[in-house]
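Participant: Given chain F, work out where chains S, L and A should sit, using these hints.
There are 4 protein chains.
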Amino acid sequence: MHKVKETIFEIIEGADENGSRWSRFFDLFIVGLITLSILQVILESYRNIYTRYAEQFHALEVIIVVFFTIEYLLRLWTAGLKYPQKGGMAARLAFVSSAMGLIDLLAILPFYMPFLIAVDLRFIRILRVVRLLRVFKLNRYLKAVRIVGSVIMEKRSELSITIFVTFLLLLLSSTIMYYLEGDVQPDSFPNIISTFWWAIATLTTVGYGDVYPVTGWGRLISGIIALLGIGLVALPTGIISAAFVEELEKVKNKKTKPKLPEENYRYCPYCGRPMEEH
Amino acid sequence: MHKVKETIFEIIEGADENGSRWSRFFDLFIVGLITLSILQVILESYRNIYTRYAEQFHALEVIIVVFFTIEYLLRLWTAGLKYPQKGGMAARLAFVSSAMGLIDLLAILPFYMPFLIAVDLRFIRILRVVRLLRVFKLNRYLKAVRIVGSVIMEKRSELSITIFVTFLLLLLSSTIMYYLEGDVQPDSFPNIISTFWWAIATLTTVGYGDVYPVTGWGRLISGIIALLGIGLVALPTGIISAAFVEELEKVKNKKTKPKLPEENYRYCPYCGRPMEEH
Amino acid sequence: MHKVKETIFEIIEGADENGSRWSRFFDLFIVGLITLSILQVILESYRNIYTRYAEQFHALEVIIVVFFTIEYLLRLWTAGLKYPQKGGMAARLAFVSSAMGLIDLLAILPFYMPFLIAVDLRFIRILRVVRLLRVFKLNRYLKAVRIVGSVIMEKRSELSITIFVTFLLLLLSSTIMYYLEGDVQPDSFPNIISTFWWAIATLTTVGYGDVYPVTGWGRLISGIIALLGIGLVALPTGIISAAFVEELEKVKNKKTKPKLPEENYRYCPYCGRPMEEH
Amino acid sequence: MHKVKETIFEIIEGADENGSRWSRFFDLFIVGLITLSILQVILESYRNIYTRYAEQFHALEVIIVVFFTIEYLLRLWTAGLKYPQKGGMAARLAFVSSAMGLIDLLAILPFYMPFLIAVDLRFIRILRVVRLLRVFKLNRYLKAVRIVGSVIMEKRSELSITIFVTFLLLLLSSTIMYYLEGDVQPDSFPNIISTFWWAIATLTTVGYGDVYPVTGWGRLISGIIALLGIGLVALPTGIISAAFVEELEKVKNKKTKPKLPEENYRYCPYCGRPMEEH
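Those protein sequences? They're chains F, S, L and A, same order as listed.
Numbered by this note's numbering, the letters in the first sequence go through residues 1 to 278 in order.
Numbered by this note's numbering, the letters in the second sequence go through residues 1 to 278 in order.
Numbered by this note's numbering, the letters in the third sequence go through residues 1 to 278 in order.
Numbered by this note's numbering, the letters in the fourth sequence go through residues 1 to 278 in order.
One chain only, chain F, in its complex shape (with noise of 0.2 Å):
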């Protein structure tokens, strides 16, 4: 029986290079279920054929979403070989808990959830696509995933700052340009809340150009606000490449430690007797 359990964990978990060729096979089986269920959300979304295939996509559903469960359930019955440190229910927590794990619940729940609820949940499917992220499981890109990782965690502190500084600066820009464009324009600018949708399309220089400022000062607020948008790309993005800097140069430091010179010796440098005297 737990032979059976270690493995199952080790087809549907153990999936990287030195996976067995099941593991693969599982998780290629698992790939392929995703990219059909996204493909079908796509195609739902074209009306007229929604509604002219609507019970074949059905019954895909149905099918993903059963394979999908019966994935779900028996993660969940593996969880203690995953969390070994932790006891059966408390494994099981952690696994629901887990990102992935709450990902892969969302990817079922949508099913279940009509039969509780009224609201439609469908599009919550289309959470699938981050399951694709297992992909990497699979593949080479495991490290640089996570050296990118590491360099975002590492430096959030500085790009939350920078992240603070931008909503600051989107709140002061929508407040000024309300009390300057609001009267003119009350249609564009009616609310602050409303002027934000031109302070982040300007800070962010998207500039749909359905809403941008007519009078003087308005444009000279912009203006500023673009400019500054600019500084808002330098900022994260310095902070980001020196962080990748250090990633490398971290890396080298582990491989290629440099030898001192003071090291080894046959003479002491300072007193000249040799090493083995003493």
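Hints may be right or wrong, so weigh each one.
[As the list claims (entries may be wrong)] What follows is a list of derived Cβ distance ranges for each label pair:
1. S160/F - V251/S: 57 to 63 Å
2. S20/F - K252/L: 41 to 47 Å
3. D183/A - S20/F: 53 to 59 Å
No wet-lab data here; the hints were simulated from the structure.
Just so it is clear, CB atoms sit at the ideal spot from N, CA and C, and this is done for glycine as well.
Facilitator: Positioned in the frame of chain F, the structure of chains S, L and A alone reads:
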């Protein structure tokens, strides 16, 4: 008496990691007031809400301003402890003329202004968001703030050059564009200053789409400016990236000061004999 | 006979700094032809010009294609010298299937295609611009090309992750946006694939302004995507910056290999006595 | 006589930190004139202002040009002291053909041109803003300018490659887009050159929104170009960042030449004999 002053100073100023429980509470209280006040400014911008709850808003404003005024006076009173090297009056002036001091004043002034002048300065209240920067006093972001700040300060001359060159570029392109498009689109390019609006929208790659060239030459210039806009992003980003790299190297060097062998040891670092012996 | 082959190979291939006068002339001649051909493609796009000078254009095309065909055959003939390790036929295949070989073929194929199939492939001729990359063979840019190329190759896994995540982000935002705006603006967001158009325009901060959300939730998502677009710029830029830094450090280390003292000298580097002496 | 020349040269050229009071005054005077002249150009662009104060503007122009002409002649006269290694005439030619010399000439030429040719060259006057670069002579920005300049110069080959590739990309996408959209939107994509306008607006992510694809294939290409636009930002930024890092490391190495441990030992670290012995 002096004891009281110090205690109060402790509470309103000394609010970092090792700050007392009271000072922490005080900071949270102020942050709460600021947030409340910002929400108020935003809600007031909804005309229908404002018209209905006008007096409630006014009452809230009075409360907030009262607290901020008390805080300001306390800071003014305890300024002597903030700038110990300075005398009573000089210290107070130093605080009033300090960046944060001015912001604190601007946070309450708009309330008292109407009694003095007619202009509506209510929107200056939004500057209270800047006071939120005090939040950073509370938490672990302080170090990151210092790094980001010092990076920008260190490279201010390089950055101001890019700003200056950007300004020249804007002026040049605006003038040229005015002479190229002014006659064709007198409404979009009526004069050089108005053409600045186009120049900034193009150089920052915002491109609202309200103003754009239609003549061949105008489009050529516009394309060149847009491409130069890439450089406008690349230069400061490069400068800031390098500055961050420099920063982290400094930190590294500080923490791992290499022990140079030519330092004059009292004992030989290799054989441990007193150096005098030789 | 074989002598001729080698000379021709010298002329058409060995066109770097130390290339013969003939090979330089040959390269310039080809570059000239390419430029001419590009000008032709551009001019043909002017309908009035095309209708008037149709036969002249055709004559020019014939001449260009003849030369390119001769060049291609010569390259095919001398392929054996380019891939010496391979045999005659294998070498020819290697050339034909090489990137540059395919481009060379595409440069002449459209001319012969009409006789075979009906489709108008004239516009493929523009691919001849890619042949201009041969220009780099001529000049001092070769080294820079190698650096840029190797940087991109080295970081391809990191970069492809950002691309993959970008794709996921586009898919997620498109689906959410379709469900948010699809009913309000059926023309702008008719289905998920069409919504991609909005997603890309927003994430890359192009923001044409032909499609943009109007609902509050839609604008919120749009703003988030636009802000994430900043990250989309910051991440690859950071990766590439670090790669360039790495690159230049490699070069530095190569050129200034530090002479470590622990290398076993035959003579003492300090007092010059043969090390055997001790 | 020669004494006078040197004094004048001192005044108009030697205007850095250790420049005399007169030379400082002279520089400020010139900067004042330039600013005045720029304001004039801007104000003239306001038609109503120009029509009213036409003769005042002309008078001001005469005054400015007179001063600039005198300055130019003085610089021409003292060119021999600027290029000591060159002879009188050669030195003058060197100055005239120098970048700053040409700008100085362009700053006054438009005034004299109308007597010669009919074309209105007034707008060239705006080039006087470039003369403001002389301001940098005055202040501490000189070093930063050198750094930024040298960085760009060092990496000019890498940067020109990105520019070249960008150009190829623009040409390719324009042609493809012309063939995809030309028939659907003949007004927006009439020919390849006009399509360049769309290509640049997309690649630089300006996206005015006056021209954009409507067909599925067109939007696909447009999306790809927009995404490649990110790379267009990332590459030069990366190059420049690395260059700045290189720059600061050079400076560091210069100022802090690391003292190698094998320097000034009292005893030879290899054979152990006292260094004096040799």
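Participant: All the hints need checking, so say for each whether the structure fits it.
Facilitator: Verification of the supplied hints:
1. S160/F - V251/S: 57 to 63 Å: violated, 19 Å
2. S20/F - K252/L: 41 to 47 Å: holds, 46 Å
3. D183/A - S20/F: 53 to 59 Å: Holds, at about 56 Å.
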